[in-house]
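For the protein sequence lines, the chains are A and B, in the order given. Quick note on this note's numbering: the first sequence kicks off at 800 and runs consecutively. Quick note on this note's numbering: the second sequence kicks off at 276 and runs consecutively.
Worth flagging that the hints you see were computed from the coordinates, not collected in a lab. Cβ coordinates follow ideal geometry from the N, Cα and C atoms, glycine included. It is possible that some hints are incorrect.
Said to hold, decoys possible - Label pairs and their calculated CB-CB ranges: (1) B/His560 with A/Ala812: 43 to 53 Å; (2) B/His560 with A/Arg969: 32 to 42 Å; (3) B/Ala342 with A/Thr986: 50 to 60 Å; (4) B/Thr567 with A/Gly891: 43 to 53 Å; (5) A/Pro1002 with B/Pro503: 56 to 66 Å; (6) A/Ala812 with B/Asn604: 37 to 47 Å; (7) A/Asp892 with B/Ala342: 42 to 52 Å.
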Amino acid sequence: MHNPYLPYPVRIAMIRVETEDKNLRTFKFEFLNPGDEEKFAYLPGQFAELSVPGQGEIPIGIASSPTEKGSVLFTVNRVGQVSTFMHCMKEGDIMGLRGPLGHPYPLDTLKGKDILIIAGGFAVTTLRSTIVWMLQPENRPKYGKITFVYGARTPGLLLYKEEWSDWQKRDDIDVHVTVDREAPGWTGRVGFVPAITKEVCPPPKNTAAIICGPPVMIKFTQPVLEEAGYSTDDIIMSLENRMKCGLGICGRCNVGPEYVCKDGPVFTLTQLNQLPKEY
Amino acid sequence: MAEYTVKDKLSFLKAAAGSGRRLLAPSSKDGRVRLAEVTPDRVAFDYLNTHLSPKDAFFPQTEKMLAFHKDAAKPGAFVYQPLGLDKIQPTVVFGLRPCDARGLAVCDRVFQNDRFTDPYWKTKYEGAVKIGLACQAPGPNCFCTAVGGSPFGEDGLDVLAFTKGEGLGLKTLTPAGDEFLKGLSGLESGGAAGEMDGLKKAAESRLPGPLDLAKAQAAPVMEIYNQPHWKETADRCLNCGTCTFFCPTCHCFDIQDEENERGGVRMRNWDTCMSWLYTIHGSGHNPRPTKTERVRQRFMHKLKYIPLKQGGACGCVGCGRCVQHCPVNIDIRAVAVDMSK
């Protein structure tokens, strides 16, 4: 019988400090056992439990795209016991990976649509996965215009700089990266995500928006999209809650009758409008 | 399915204990009846229900799930391995009350949900033949009939038994129950079902009528969620978690790691949604920050969310334990009435 509590053993192949405050590190994992990578078949938007023996587990969105074979990528904010321990681990160390868990973004129903991707702070992780996936030559023709709005408080808090710098050079994605205030050396946009969204969002007809960010960003971006005429069916969000099992069993992550882990974490705004704001 | 009678309860229990399965049955210890591994002569019959719900037999209060070692000289250092799954003994559980068996069935649909199967639960739950003992004299706190159950309910059982003089009447309900009774000696065929119908009607007549849950279950989630009565119930509640501890359908757990210099284990422990720690994020944000949200969560889960997710099945089975043990007399029946106003 498959044991969904049993993590796949992985080796930390690479650690990269992502932000100037050093609170975010990206971990690249390689599976120890041949065959486990195939079993860990995922799509953008799903998450996994990062499992540190003796310390515990944390649910983290998968930052890599399944098209990036050979490894899986996660960016971890240092917050509690497990993430702090992970920030002290070294390349080569052994830990576990349990998943994939949750549902991906609705990549199939988004086919043929223009896509607006809005990210704030380090919530950009699963959206990195989505963009990398959509920009693959075999996937790119399935989608219309792709617009990416990404903001952070300061330039030093933006993740994946090399990647979005590369995307800025492409003509098949519009990238708008912004920081809250002017900063030395920053030549890009300045302003909050809702304001930039208002400026650059494509017309709502046949467009779907995926939003991930801190609650304050979502609170002010949602009205911008609604004013622009986006239907709540076309506003897609990913929730976070405290989790343990990730399997819809241990109980704690429910939002109304839905478990964020098993039934989410991806929900449309239509769905969320019918649920308590317990997230 | 088949029906049987036995003239002598003890010889039936001896046959069950001699079947090669471990016998779990109610027995008295320190003045309280609990479900435990017992010899046939110690099995209690004069109990309203076990003090605690039987969920611990399939979902222990503390359960080690995985283990790892740190010895780099040996293979598999820092790699978790499953624990205990190969040591599950085939069991026969005798004396489950129908409310509790129904509660276990509610848990089973969580532990084996539409996407995942919990092997620690499944091996124990499905590895057990579950023999219920009908409630011919329901207790003062019982209200199974108020929430769709019966003192002779069959949900979640393989066999339903009732006391018949010094013996038992038995009705099999599943192939597993059939198989088990077929292998036992001393059973006479027939003579149970007719009598059972009469006893069932008599026992049901002593219990309350159904609660009107239709409105609460038909209304949108947010309509019930935003009702004003939650704060009043929460004002009394101490968030002590007694209700969740006793409840046969409360299945929440925490997962914790423990380690020493040689290795460690990952275990799960019963948890409670009454605790503020239960939902708090690493950031300090808490989606259910006050007692009101936590109290509402428990009753919404039992009476609204579980029915929504389990095809109408109520998350409360009317065992009455939470009503009996709540230190501030919160009564789920009164809350259900408030929800349906």
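Here is what the structure says about each hint:
For the pair B/His560 and A/Ala812, the beta carbons lie near 32 Å from each other, so the given range of 43 to 53 Å is not met. For the pair B/His560 and A/Arg969, the supplied restraint of 32 to 42 Å holds, since their beta-carbon distance comes to about 36 Å. Separated by about 54 Å at the C-beta atoms, B/Ala342 and A/Thr986 satisfy the suggested range of 50 to 60 Å. A hinted range of 43 to 53 Å holds for the C-beta pair B/Thr567 and A/Gly891, which are about 49 Å apart.
For the hinted restraint 56 to 66 Å between A/Pro1002 and B/Pro503, the CB-CB distance of approximately 42 Å leaves it violated. Distance hint for A/Ala812 and B/Asn604: a CB-CB separation of about 58 Å, inconsistent with the stated range 37 to 47 Å. Hint check: A/Asp892 to B/Ala342, Cβ distance near 19 Å, so the stated range 42 to 52 Å is violated.
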